[in-house]
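Chemist: Here is what each chain is made of, one letter per residue.
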Amino acid sequence: MTGDDFRPKILIFAAEMAYRAADAAGLTKAEYPSNTYYIRIPCSSLLRPDLILYAFKKGFDGVLVASSGDDCPFMGEACIEKTSKRAEKAYELLEQNGIERERFKVAGICSTCVEALRRQIQDLNETLQSLGPIKTT
Amino acid sequence: MVNDKIGVYVCHCGGNISDVVDVYKVVKAVQNFPNVAVAKEFMFMCSDQGQQMIEDDIKELGLNGVVVASCSPHLHETTFRKVLARAGLNPFLFEHINIREHAAWAHKHDPEGATEKAIRLVRSGIAKVSKARALESIRIDMPPQILIIGAGIAGIRSALDLAKLGIEVHLVEQLPFVGGRIAQGYGAYPSGKIGTELIDELVEELKKEKSNIHLYTNAEVVSIEGFIGNFEVEIQINPRYVVKECDKFDEAIEKCPIEVLDEFNYGMTKRKAIYYPYPNAYPELPAIDMNACNKCGECVNVCGDAIDLDQKPERKKIKASIITFATGFDPYEPKEGEYGYKQFDNVVTLPQFERLLALSNGKLEYKGKEIKDVAFIYCVGSREREGEHKYCSRYCCTATINAALAANQKFGVRTFHVYRDIRTYGKYETYYEEASKNGAVFLKFSPDEPPEITQSGDKLIVKVKDQLTFGEEIEIPVDMVVLSVGMVPRKTEVVSMLRVPYSMDGFLQEVHPKLRPVETAIGGVLIAGACQAPKDTVEATASASATAAKASTYLLRGYTELDPFIVEVDAEKCTGCGDCVEECMFGSIELKDVNGEKKAFVIEATCRGCGACAGICPEEAINLRGYTYDQLRAQIDAMLEEVEE
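Going line by line, the protein sequences match chains A and B.
In terms of the working numbering, the first sequence opens at residue 1222 and continues consecutively.
In terms of the working numbering, the second sequence opens at residue -3 and continues consecutively.
Source of the hints: derived by calculation from the structure; they are not laboratory data.
Take the hints with a grain of salt, since some may be wrong.
Stated by the list, open to error - Rough simulated footprint, nothing fancy, chain B against chain A, three-plus residues with beta-carbon under 8 Å:
| # | segment |
| --- | --- |
| 1 | 1234 to 1244 |
| 2 | 1249 to 1260 |
As the list claims (entries may be wrong) - Simulated pairs of lysine-lysine, BS3-like, Cα-Cα distance not exceeding 30 Å:
| # | chain 1 | residue 1 | chain 2 | residue 2 |
| --- | --- | --- | --- | --- |
| 3 | B | K363 | B | K338 |
| 4 | B | K244 | B | K266 |
| 5 | A | K1250 | B | K36 |
| 6 | A | K1278 | B | K24 |
| 7 | A | K1279 | B | K104 |
| 8 | A | K1278 | B | K21 |
| 9 | B | K1 | B | K127 |
| 10 | B | K127 | A | K1278 |
| 11 | B | K21 | A | K1250 |
Ideal Cβ placement from N, Cα and C applies to all residues, glycine included.
Looking at chain A on its own, in the form it has when it is part of the complex (with noise of 0.2 Å):
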């Protein structure tokens, strides 16, 4: 299954601020592809990388980390850091793993950043559709 009826999955960890900047979204009515699924974290901090390679092992297509970047109300700038930490141990992880790492974003979402939300997911969106699906063991 790939090309136009390929719908991705994808996951979006979204972290305090991100969460708010989709409450942002909806209340704007700001539209965005609905194959998006939110779990809703205090902060990218505390994503494992293994949790990020589980979720492509379990199906996922696509994961998208939407940091509180330095709007992080437990570090501020500091959680860039942590966070872009974790995302290079989950990069390697992928690899290791012979998954795409297009297939994973980490990007910093302020509360109020509906349009970075929306581009990020459109981005991976269109990403994943020539990727087509996971291939899961």
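Let chain A serve as the given structure and place chain B on it in line with the hints.
Modeler: Using the frame of chain A, we list chain B on its own:
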């Protein structure tokens, strides 16, 4: 343990949800999902009827978990947690799933997709609750006592507001006198009242609140231990060497043979080793600057035992539930040669110019010469393209025009304003208008071609390519050049004791500029005034009163409850590697010896619940309560379960 009797409640939100999402289909798709005892839809779940339905189900069906799928949890999470509590169920066996903002409203042209999304989101909530544990909010006592660091206008304002509510305030000031930068200023806009007069008024109030405010001047914080509700602070009160009243202090000061540059006047005048920074300074006792004093004893000859040149520092322990930083700012110190600073005598900074205004009588004089024309150069040490000070200090435009107006009105000085951009924002726009009407000349330069300062005879020449006249080169001969300098952050040791985060600009950072504007990421630590960002007097005092109000919400109730979402360590899995200790920004994890093995321990009162330590642990030995990895994996699994057409 699995919560196997979960109630799922899907809200129509009066059509807001159900016009797009097929709520009946959602109910059908989850009612046979593992661990679900009952699934229902209802027009308004947050209504009394909706809440009652959930409460009754919990009691009658013996539910051990609840999922509500409705609007954003930021609207009604607390509402539904209370429903659980009323029904006798732990309020944290609950998950709020957002199918309004995140599904119905975001995908109104894709009802099928929105419905499928809602089903997957609700299933994720069910999976999460099935693995949820009962949690207890963390209750912390808050005795009504507070430490405020810094007795400038912000520190004093905050102290007064709290003292009037009967709260015990410890106010610590590192200098021998209160008043901070405002005492040094000239006409603090908008009232134009002289800085020292403004401080005098506050000091009068301070004297009336003596029973609740303990003021320690010449004092510094040596150490801070503990956490919100229970800070233990040690301060050192450095000797003033003047220990009691005497009516001959003026004579003692006159007799003192030592003269040093007076820092209160930014080095433009001299003072004695025993001194007041200005008449009427508070506390009333003068202070002796031991770095300058040669212990000649002249002042002792006049004042006797009111002066003790061998006075020793004193240490004192203070308890505080909350700490407020009101540690202020420093004016930017221009580099040598920057617009002729320290190169030509008559190039001064705006704070120096304000002191000059305060000290002058009849005519404006500097180094024995009358000042008739002044050029102000704006944005010095602000909005730098490279370097530390990329931000706009914002107060300087208004403060400069305010000072220029005073110089013009009081001393007849002609003023030239050489600026990059100018904005006397808000109600101070009238200042700009007034200055324009009174003959002030405005010239705009481009940062690519900043003005140049040279000397010619006894005049300074400001050469500027004026953008308002399409780049015409203009030379202005003046008696004085004033550099309108920005505010720079102070790096104080006491900040690092508490690990208060800094912003990109180096000022102390609030949790969130709009949602929690005076709190820092460190529980119980608040920020007032210009330690947070450049602020004018109005903004500084407003934020100071805001910290007082925020502090009183804790201190008057006597306790606070912290969310139970903090981390816990599985000691069996922990190998004592210490990665978590390093990862934690708040010092909330420590290694302890347990039977010869090192294990990580969580300091619950200071854990903020970010989960960074859990994310870095190589053994998955740490979990964040409410967001455990078992829960997150279960959510992933549940979301991927097939949805029938």
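Chemist: If a hint holds in the structure, say so; if it does not, say that too.
Modeler: Hint check:
1. Requiring three or more residues with a Cβ within less than 8 Å of a Cβ of chain B, the coverage given for the segment 1234 to 1244 of chain A holds, as 3 such residues are present.
2. Check result for the segment 1249 to 1260 of chain A against chain B: holds, 11 residues qualifying (beta carbon to beta carbon below 8 Å, three or more required).
3. With a CA separation close to 14 Å, the supplied pair B/K363 and B/K338 stays within the 30 Å bound.
4. For the hint pairing B/K244 with B/K266, the CA-to-CA distance comes to about 21 Å; that is within 30 Å, so the pair holds.
5. The suggested pairing of A/K1250 with B/K36 holds, with an alpha-carbon distance near 27 Å, which does not exceed 30 Å.
6. Proximity of A/K1278 to B/K24 is assessed by CA-CA distance (about 28 Å); at most 30 Å being required, the pair is judged to hold.
7. In summary, the hint linking A/K1279 to B/K104 is supported, as the alpha carbons are separated by about 29 Å, within the 30 Å threshold.
8. As the CA atoms of A/K1278 and B/K21 are separated by approximately 28 Å, the hinted pair is consistent with the 30 Å bound.
9. The suggested pairing of B/K1 with B/K127 holds, with an alpha-carbon distance near 12 Å, which does not exceed 30 Å.
10. Of the pairs offered as hints, the one joining B/K127 and A/K1278 holds, with about 21 Å between alpha carbons and a cut-off of 30 Å not exceeded.
11. For the proposed pair B/K21 and A/K1250, the alpha carbon gap of about 23 Å is at most 30 Å, so the pair holds.
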